[in-house]
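**Q** Chains as they are written, first to last, in this note's numbering: chain A, 1 to 204; chain B, 1 to 204.
Treat the hints as calculated values from the structure; they're not laboratory data.
Note that the coordinates shown come from a computational prediction; the quantities given were computed from them, not determined experimentally.
Where hints are given, some of them may not hold.
Label pairs and their computed distance ranges (CB to CB) [as the list claims (entries may be wrong)]:
1) A18/B to D203/A: 33 to 41 Å
2) A43/A to K172/B: 47 to 55 Å
3) E72/A to G54/B: 16 to 24 Å
4) I141/B to G146/A: 40 to 48 Å
5) G102/A to G102/B: 25 to 33 Å
6) D35/A to K2/B: 53 to 61 Å
7) G189/B to M161/A: 31 to 39 Å
The C-beta atom is built at its ideal place from N, Cα and C for all residues, glycine as well.
2 protein chains.
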Amino acid sequence: MKIILIGASGTIGKAVDAELSPRHEVVRVNRKSGDFQVDITDAKSIADLYARVGRFDALVATAGHVHFGPFEQFTPEQYELGLRDKLMGQVNLVMQGLKHIGDGGSFTLTSGLLNEEPIRAGASAAMVNGALEGFVRSAAIEMPRGLRINVVSPTVLEESMPAYGPFFRGTKPVPAREVALGYAKSVEGAQTGRVYRIGWSRDH
Amino acid sequence: MKIILIGASGTIGKAVDAELSPRHEVVRVNRKSGDFQVDITDAKSIADLYARVGRFDALVATAGHVHFGPFEQFTPEQYELGLRDKLMGQVNLVMQGLKHIGDGGSFTLTSGLLNEEPIRAGASAAMVNGALEGFVRSAAIEMPRGLRINVVSPTVLEESMPAYGPFFRGTKPVPAREVALGYAKSVEGAQTGRVYRIGWSRDH
Chain A
1 MKIILIGASG
11 TIGKAVDAEL
21 SPRHEVVRVN
31 RKSGDFQVDI
41 TDAKSIADLY
51 ARVGRFDALV
61 ATAGHVHFGP
71 FEQFTPEQYE
81 LGLRDKLMGQ
91 VNLVMQGLKH
101 IGDGGSFTLT
111 SGLLNEEPIR
121 AGASAAMVNG
131 ALEGFVRSAA
141 IEMPRGLRIN
151 VVSPTVLEES
161 MPAYGPFFRG
171 TKPVPAREVA
181 LGYAKSVEGA
191 QTGRVYRIGW
201 SRDH
Chain B
1 MKIILIGASG
11 TIGKAVDAEL
21 SPRHEVVRVN
31 RKSGDFQVDI
41 TDAKSIADLY
51 ARVGRFDALV
61 ATAGHVHFGP
71 FEQFTPEQYE
81 LGLRDKLMGQ
91 VNLVMQGLKH
101 IGDGGSFTLT
111 SGLLNEEPIR
121 AGASAAMVNG
131 ALEGFVRSAA
141 IEMPRGLRIN
151 VVSPTVLEES
161 MPAYGPFFRG
171 TKPVPAREVA
181 LGYAKSVEGA
191 QTGRVYRIGW
201 SRDH
């Protein structure tokens, strides 16, 4: 398969690359490096990417930013950043990708546990992750041509604990290579409309 | 309690009014009628509302629009409508309301089942409902002064079946007076960070 990997240079992206590249052609895309570059907050940049890459079989998005900050101090502009970037950036990759992806192809997006397991400063992340999961469940039932869509919701990464550990006390981290399995299941399996929770479970 | 009811003239709003007004002072707010008017997509309009209403004990939001349409034809502007209106309209009511609500007060928002039980044409509704639920779970753990926040997720209303029935075949509708109980539980109970699913359950 020809797989477009958005965010290939990130911690999750590199693990997905290592998991999928032995079996597939991985097209590595980042904001400023890789085989191609894209700014997912810019519809024109996404259009340019697809025009240059051509037909493909799967898209994996592991990119997207949100603002973290104390709830009472959140501004409309800070919520907007997450809606523009991690949410609509990934959604627009899907919407524009519909015209370029081959029959039976798949889209795999990235959310995260914070909408179900909130932490301090994470109101925007919770909002965006919940939005992505609702979108994926709904998009799945209207996908044409046998296309599929799933989302991977990782817990905190072992690799991120030096930086984010204080926000995630009591949360068991997983290595990125384990998170990468969720993307392989989505791309190489046959399921659709699923949220793959890696390293945690929704039990409430 | 002094309860601000946004969307008081709607089907759910009227049922919430009937449920709560025998025990509380209900301030009825709509876009163009009621005791006060507000456009929840306009931050200035929300600020004006709170300045005029003064101190209050609970806010209930039953208002908010999203676009419905076939998935493949959805435009960025159509997604934007739902993010601006039903999502950030309700979120901005909360964020601005923090400065005006009394200690121990509550916010109760409205989502809907479509993020977990998608229907055709409902991609934006699914996105927005998921976002609201993630936001509420996260906001709840950072609320100051004993403030609480919950969201009611109703199934389709009996009163809406003449108009929306074809989109909800196989879904058991509930009367709006039953949905109103979710708002009473949120306002008059002591829970926080909860999604009150009325007439349906999340079993996956």
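**Q** Next, verify each hint and record whether it holds.
**A** Hint-by-hint comparison with the structure:
1. Taken as a hint, the range 33 to 41 Å holds for the pair A18/B and D203/A, whose Cβ atoms sit roughly 36 Å apart.
2. Separated by about 40 Å at the C-beta atoms, A43/A and K172/B break the suggested range of 47 to 55 Å.
3. At about 20 Å, the beta-carbon gap between E72/A and G54/B stays in the expected band of 16 to 24 Å.
4. As the Cβ distance of I141/B to G146/A is approximately 41 Å, the hint placing it in 40 to 48 Å holds.
5. For the pair G102/A and G102/B, the supplied restraint of 25 to 33 Å is violated, since their beta-carbon distance comes to about 58 Å.
6. Restraint check, D35/A to K2/B: a C-beta distance of roughly 60 Å satisfies the suggested window 53 to 61 Å.
7. Checked against the given bound of 31 to 39 Å, the beta carbons of G189/B and M161/A, roughly 37 Å apart, stay inside it.
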